[in-house]
Structure formats: structure tokens, C-alpha cells
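Line by line, the protein sequences give chains A and B. Under numbering that gives the first Met the number 0, the residue at position 313 of the first sequence is numbered 312, and the numbers go up by one with no gaps. Under numbering that gives the first Met the number 0, the residue at position 11 of the second sequence is numbered 10, and the numbers go up by one with no gaps.
Think of the hints as simulated: they come from the structure by calculation, not from any bench. In this text, all values refer to a predicted model and were calculated from it rather than measured experimentally. Check before you lean on any hint, since a few could be wrong.
Calculated lysine to any residue pairs in the SDA-like style (CA-CA distance at most 25 Å, straight line) [to be verified]:
(1) B:586 x A:57
(2) B:586 x A:416
(3) B:586 x A:156
(4) B:586 x A:404
(5) B:586 x A:298
(6) B:586 x A:247
(7) B:586 x A:470
(8) B:586 x A:344
So the derived label-pair ranges between C-beta atoms look like this [said to hold, decoys possible]:
(9) A:340 x B:605: 53 to 63 Å
(10) B:213 x A:411: 24 to 34 Å
(11) B:591 x A:437: 16 to 26 Å
(12) B:558 x A:391: 33 to 43 Å
Glycine included, each C-beta is placed from N, C-alpha and C at the ideal position.
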Amino acid sequence: MSLLLFEPLMMAVVVSFAGRLLRPSISRALTLAALGFEWLCFALTFRGFLPASAQIMGLSLRIDGLSLPFIALTLGLLPLVLIFSAAEAQGQNGEEKFYALLLILTGAVIGTACATDLFNLWLWFELMVTSTYFLVAFHRDHPATLEAAVKYLVQSALGSTLVLFGIALMLAQSGTLALKQPISGASFDIASVLLVIGFGVKLAIVPLHTWLPDTYSQAPDGISALLAGVVTATGVIPLLRVLTPQPSFAGLLLLFGLVNMIVGNLLALRQRNLKRLLAYSSLPHIGYMLFGIGIGLFTGTPDGIQSGLFQMLNHGLMKGLAFLGAGALLHALHHQSGIYRPLRIDDLNGAARRAPLASLALVLALLSLVGIPPLAGFMSKWQIFAAGMASGSLLLIFLTFIAAVNTLFSLAYYLPVVNAVFRSGDSGEVQLPITEQIPLLVLSTALVVIGMVPEALNWLTQPASFVLLQSLTN
Amino acid sequence: MIALIIAVPIVGIAVNLATVTYWREPRAGIIASGAAGLSFVVALLQFMQLLANPEPTRLALAEWIRVGSFSVGWTLNVDTLSMTMILLVTGIGTLIHVYSIAYMRSDPRFTRFFIYLNLFLVEMLILITADNFLVLFAGWEGVGLCSFLLIGFWFDKAGEGAQISNAARKAFIVNRIGDAGLLTALLLLATRFGTLDFAPIFAAAPARFNVGAPEITVITLLLFVGASAKSAQIPLHIWLPDAMVGPTPVSALIHAATMVTAGVYLIVRAHVLFDLAPLTQSVIIITGTATSLLMAGVAVSQFDIKRVLAYSTISQLGLMMAAVGIGAYTAAMFHLVSHAFIKALLFLAAGTLLHTLGTQDARQMGGLRKLRIVFATYMIGAFALAGLPPFSGFFSKDEILAAAFERSIIVYVVLSAAAFLTAFYITRQFMLIFTGTARSDTAQHAHESQPILTYPLIALAILAAGGGLLNFPGSLGFARWIGQSTGETQSPDFNLLIAALSSIVALAGIVFAYVRYRRYRVDSPPESRLASGFQRDWRLDTFYNAFIVQPFKRLASRIAAADSTASYGLDRAVVNVANRLSSEAGKLQTGQLSWNIAWVMVGLIVVMLLVIIGRGL
């Protein structure tokens, strides 16, 4: 466990120095190797060859079912983002820091997923958020990027302040920060609300989401993929850890879920800028995840929770692929012709002829996001709705109906993009670098395979639902 | 082993797809023909085994669908019935593949053509070897798709492109009608029996339904709708004559020898169900008999040699349908086989004429006796089709006529009349093409085709001539072979009287045509009024156009008009509301940090209030 957690953090230092003293390409290779080793550690821990818990310097950490999907998603997405970003980061000032920060991010997500007390949780969470500030602001000479990064920083800081208040209140109330015992009382309620709002900023719950579109659209493409796929979703871990036993929590999740779907869809509807559109469309997907988990906690059945986490995993892959595909198209259509402005939907005309692979990847990702069978996104949405319909509660069925109507809504902004890709436009095929092709291919394949064999991810979602249901009954 | 029969053409497709940019013709053709040939060889080996031990071979390949207790697997089932079809499809298929290498020479889409042909083999084999209705349906749709693709293969041909793609679409749409019937029947079967596998359904059906029960009658009628579209029975036959715009090898393989017989095969396969529904059987007999007679009549007055053969195919399919309606399954299968030999031969021969002359109008031909091989093989095909002993067509047709005679004298008489017309039109065609003097320059200078085009003709001519041996009266080899699948123990006895009568009928048709067309010239007086009525195929297309297509178009445009006023307004309203809401929501997103923070605080307050209210309640 300690190896799993500290290996990336220590390697981050090594990578940073290696890049400074030797060559950036060495640090890139080292990062990839470190991630490979991390996979090995994960596999060994999962199989029980390495201990699942650790006590280091007073920090207590433990891998449990809930950690699994988050760690697996991070480790799955990060190498691909790393490979993809190689072309973009190469030769840039501070390239080695980019790689080091990616490793720190990895460690921080694992720490967040495995923390067993509230303070620890906050600490790792802050480390994760902090590492992403710098990643977002990687292109530091663009004013728009800096603006986005500052917004992100200030708003997140506000959130963490609220969280700190909440933690202080809890400590004062119960005298402990351990996450195990259920607590209640008026000041606990206030503390919970502070936590919800504090972490909710990161989780992009409407109306706390206002940092998100700027940040996602200004970050480097690989980082957008990570933010949308992993970092944002990680915000739900603390909430699930602390608040699951609260009876009103499920209702709150359902409410947040629905509001996120509706507002997010409305915001995305009139977007013409591709990356902003993708950013806004993350809001409904966070909504689906919360909604699915909410159904599960409301009814006390594993189906809903599993479907919500399944949606989380799928969204990581789909939105990751969408951002990477959009990035590849941006490079192919704009940067190679010397144009440096964001990709708008109208710029995509003829993309299918100019960059077939990137277009295919983007289209697959978008269709999956809409929920077209046989792609992964269909399966998770379908499971969420099936769980809602099977609950037997009239209220839930009604809410599920609204959620289902919302997915229809999403067609209205995804399909014009698909349409534009296949419209006729400029011709002349552009060759993508192989480092961009590999991640696109891997993720596209994953979407199709998961869509065909949705059971393939049960080993991640089942233990998580077990853990959550257990804390519900305690 | 039996999986190889299907796997080999799939490999052929894969190789051709993979090498499409590197290898040009004729390599694609050689690969595809090799795949078909290998498949045929494997089928032959399997056939030997089956001959020694007639137990059906089954091979479970995969599970396809599992929903609760309902499951559909992909299991290959090879019994004597499907083996007959497999040999037919792969054997004739191989000959036609080889033939096509020369026929499609220097076509810009040469490789694509062979990929389609191999794909057709795969789909047809899936249909034949299916062990349940759903897999059969999958193959059924697959061959329909291949048929569509191949009819419209020259969709961009100068001047005729629109006509060709319309023909392809017509075939597809008419077949949809049949597919709808078939699918409905499948759904009924699935709900009644809880499975779509052949064996359990056929085992349970007799106990479950009384003879003539309404439910089984509906199911079988729906199955017959499917079969009659695929096998071009009146009134769904209209697509087949138009399908002749496809390349001639396609007409031979798909639209004469194999795919169009799938309807007959389906009924023979599901004969247990049909035996329970006498009403359906009567409908089949009437449809088949009428098709046989009327379409033979249409064939009499055509000058386009491929259209003659197309109408002839429909007429012969009608004969087979009548046979399955009567319950003479062996006779139907027998005729299916011999007709496949004959018609593949005639189509390929017509193809070589088309290839050398560049026209398919018989009035432009004449005097082509000098093309020795085509002449000889065509004559064998024509005699066999006419039903002249001792060619194959005589024996198979005679079995059907004998069965019809036992069933009903009217059916027998009508079918005999059709047989007379058959002998007449094919002799007429033969006379127009080969006898007299050349009526055009191209016909004047025509010369024999290359061996790759003529060898398949010779092979098929041997089969067409000797195919009668399969079920030579008294030997009953074929009857016993098919009987192992259909349970039909004996075919009707060889009736000397019937045989003599039908020989006379055939001979009469031949003589009539010979006398009438012996001295045909281009300026000969026009055909009789009856014939010219026939010529328009009973104006069925006009009827469909006036009573179905046009009203449908009018309805559609009415609805479109109504839509653009009433519901368009509704659409706009929804869109407007969504857009308004969207721009209102957009105002939330000011992009100013101070507002962002304000929203966080608003969120804090709202949730706090929610929790407090929740507590208060």
C-alpha cells in the first residue's frame, strides 16, 4: 500500500531532476515506467500480495472497495494522457515538471481514495487539486489560460476553506476525525453542508460549477481529459465516505443529479466552441453518476450504486477520448495550418476526410456519451435507468423519467458535432503523430468492448457498492 | 469440419478485403473462386460421411442471445436436406465464380464483385445450415442484402444507372414485405413455443395444434408470405424480372439457382407446420399453380433473352411451390436441384451471348449456330427445361405432375398447360437466337468465347442432362436421401401414363414453336393480341403504381404538408423554449470570478436551508 502511494510521489522528484539534469525525453520514459510499476503494485495489492493498509508517519491509509474504481480509472487514463501529451508538451518550457505533476496527481488521487480519516482525506484532496492548478496553467503565456487557472484556484480555495470549517466543526463536535462512526446533531448538519459545498465546488455541482468551462477549455487537451475523467469525479469520494449513513444524503444526491443534468444540458445546448461544449456536457454526466448512486442509496440496493460508478468509469473513458479526439483534431486542422484559436463546430467541416482516425474517435466518444448502443455509454445509462425503474418507488420512477428525457436533450448538442465532422469541407489528409493515434485507438476499442461486455468492469464497481451499502446499514 | 464450409468463404472475403489496394484482378477472382471451390470440396467430404451415416451433424458455434429462459444459439445443422442445398450452392457457386473471372474482366470494381459473391455464399450457407428460425432469418436478410448489392452493382452505368439502382431498390423493398411476414411468424412461434429452435418446435407442434387450427394457419400463411417474396410468387414476383439488370453471373447464381429457392427450402424445412394447415397448403398450391401458368405465358412474348429466363424462373418456382403445397417435398427438392442446373446453364450461356454480342435482344441475334459450345449446351438446357426425356427436367417435372395428378385433376391440367408453354417459349428463344440468318452485324461476326467462359457451361450441361439419374424411376436414391430429413418415405410411383402425356406435351410445345419461328424475320408480323397482353406482365406494375405507390406518395405529401403547419409550429415552440432557457442559463455563467464566488455562497445557503427545512419537517 505504501509502495502504491509513495512510488509516484518519489518518482515525481526523480523525474523532475532527471529532466532538469539530463533530457526531458528521459523523464518522459521514466514517468511511463513509473506508471507501469504503479500498475504492477496495484495488481499485487488487489491480489493480496501487498498489504491493503498502511500506517506511515501517523497517516492511516487503506484500500477498500470504494477506492478501486477511482484508482483503476486514474491508472488507466494517465498513461494514455501521458503518451498523447508528449507531442504537445515536447520542447515546452517546464516539460519535465509536467510529467512530475502528472505523477503527483496520480499519488494524490490514490491517497484521496484510500484515506481513512477526514483530515487526511482533505490533505490528499488538496494535493490533487494543487497539482492540477499548475497543469491547467501549463501554457502560461496565454492570458486566457492564466485567467482560467486563477478562477479555478480562487474558487477551489474557497471550497477548501469551507471544507476546513466543516472539519473543524466535526472535530469539535465528536472529538474524532475517523470516518467510521456515525454522528448526528445540529452542528453536524451544518458541518455536512459545509463539506458538501466545499467538495461540491470540485465536483462541479450546479451552481458551484462556474470554474469548470473556462478551466476545461483552456487546459492542455490531455489535462482536460484528466480533469473531466478523473479529478472531478474524485470529488465524490469524500462525500460518500462522510455522508453515506445520513438518511437525507440520497435525496440530496438525486436532487443534485437532476439539477446538474438540466442546467448542464441547457448550458451546453448553444455552445459552438467544441472544448467548451465538451466541458459543459460534463455537468449532466456528473449528474448521471450522482443520480445513479443516489438511487442505490435511496433503495439500499447495489444496482444503482454500481450503475452510477459504472457511469463514472465510462464517463472517464468517453470524455477522455472526446477531449483527446478534439485535441488531435485541433492539432490536425488548426495548428498544422498555423491557426491558433479554439476549434469551433463549424471548423470541423470535412474533418472525417482530413483526419479520419481522430474524427472516428471523437464521433465514437460523442455517440457513446449520447448513449447509443452498443457503446459503453449506453450500458451505464441504461443500467442507471433500469435501476430507477426497478426501484418501485413512484417518485424515483418519475425522476428517472426526467433523467431519461434529459439524455434526449443531449442529442441536440452532440449530433451537430457529428454532423459537422462528416460534412464536406477542405480536403487533404493530415497525418497524426503515432503518439496521438495510440491513445485514441485504445480508448475507442475500450468503449466498444465495454459496450459489448459490460460485465467486464464489475470487478471494480461491485466491491464499491458493497462498501457503501455496508456503511449505510451501520 | 462443417464449420469450414462457411469459414473458407469468410477467409476469402478477409483476404480480398485486406489486399484490395495491392492486388488487382484477376487475383481477387482467383482467391474468391478458390474459397468457393475449397468450400465445395469440404462439403463433398462431409457429404461422403453423411452418405455413410445419415444422422444429421450438429455443431454448436456460439450462443447468440440469452434473455431469461429464451435463448438462441448459432448451431450448424447439416442433414441430408441442408447438405443437398450446400452442395448446390457451393458447387454451382464455384462454377459461377470461375465464370465471373472472365465475365467481369476489367470492371473497375472487380474485387468488390468477388467480395460480394463470397459474402453471398456465406449468407446463403448460414441460411441453409441454420438450426433455428432466427439464424435462418439472419441468413435470409443477408442474402437479400447481397442480392440488393449485386443487382445494383452497375449503379453508375452511363444511361442506365437510375434504372439499375431502382431495380435494386425494388427488389429490396418487395422483399421487405415478405420479411415482415416472416418476422411476424417468427415472433408468433417464439411466443407460442418459447424457443425458435427447429427441433423442439417441430416435435411439439403436432401435439399442440390440431390440424387446421387457426393459429397454425396464420403462422404458416405468414411464413408463406416470406417465402413467396423471396421465391418471387404472384403477386410479389415483380422484382425478379427487373433484377436482370444485374451482372449475368449474379442472375444465374442468385436469381435463378440458389437464393430464390430459399422460399421453397423454408417450406420444406418447416413442412411439419405446413402439414398441420391444409388451408395454407391450398393457398400455396393455388399461388404456385397460377404463378407457373401466368409467368410462363409472359415468357412467351419477351424478346429480351434474360427476361425470358427470368419469367421462366418464376414459372418454375411456381411449379416447385405447387409441389410443396401438395406435400410432394421430395419432388420439389428434386426439381429445385435440376432447375438449378438448367437455369444456371441457360443464364451463363445467355451471359456469353451478351458478352460477345453486347445485346440481350433476341431480335438482334439469329444464326448463332456457329458458336458451337453455346449452341450445344443451350440446346441441352432448353430440352431439359422443356421436360423432354431423358434430360433431368423431365424426371423432376414428371414427379411433380404425378403428385399433382393424385391431388387434383385441375392442378394437373394447369401445370401441364404451363409445361406446354415452357416448352414453347424456350424453343422459341432457342430458335430466335441460333437458327435462321444473322439479323445484325455483331451477330454476323460473333465468334466462340474463351474457354473460361465455356467450360462452366459444359460442366453444367452435363449436370442438366444427367441430373435425372439422381432420382431415376425405381432407384429412389434421392427420395430416400431427402426422406431422411423430411420423413417422407415414398415419392409417387412412376406413372407411365403421366410420363407419356407430359412427354407429348413437351414435344408438342417444341414442335409448335419450331413451326412458328422457323422462318422468323425482324419484319415478321407482330405477336398475337393475347401475346402482347402477356408481354406487359399483366400490367401488375402499373396496378401497384396506381393503387399503392401513388396513393402512398399522396398520403406522404399530405402528411408532410400537415406537418409543416401544425406540428412544425409545435417543434418550433419546443426549440424556442429550449433556446430561451439555454440563453437564460447562460447568464448564470458570467465568467466573472466575483459572481462565481457569489454562486458558491448561494449554493451554500440553499443547501443549508434545505437541510434545515428537512430537519424541521
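Quiz prompt | Structure-inconsistent hints, enumerated in ascending order | solution = 1, 5, 6, 7, 9, 10 and 11
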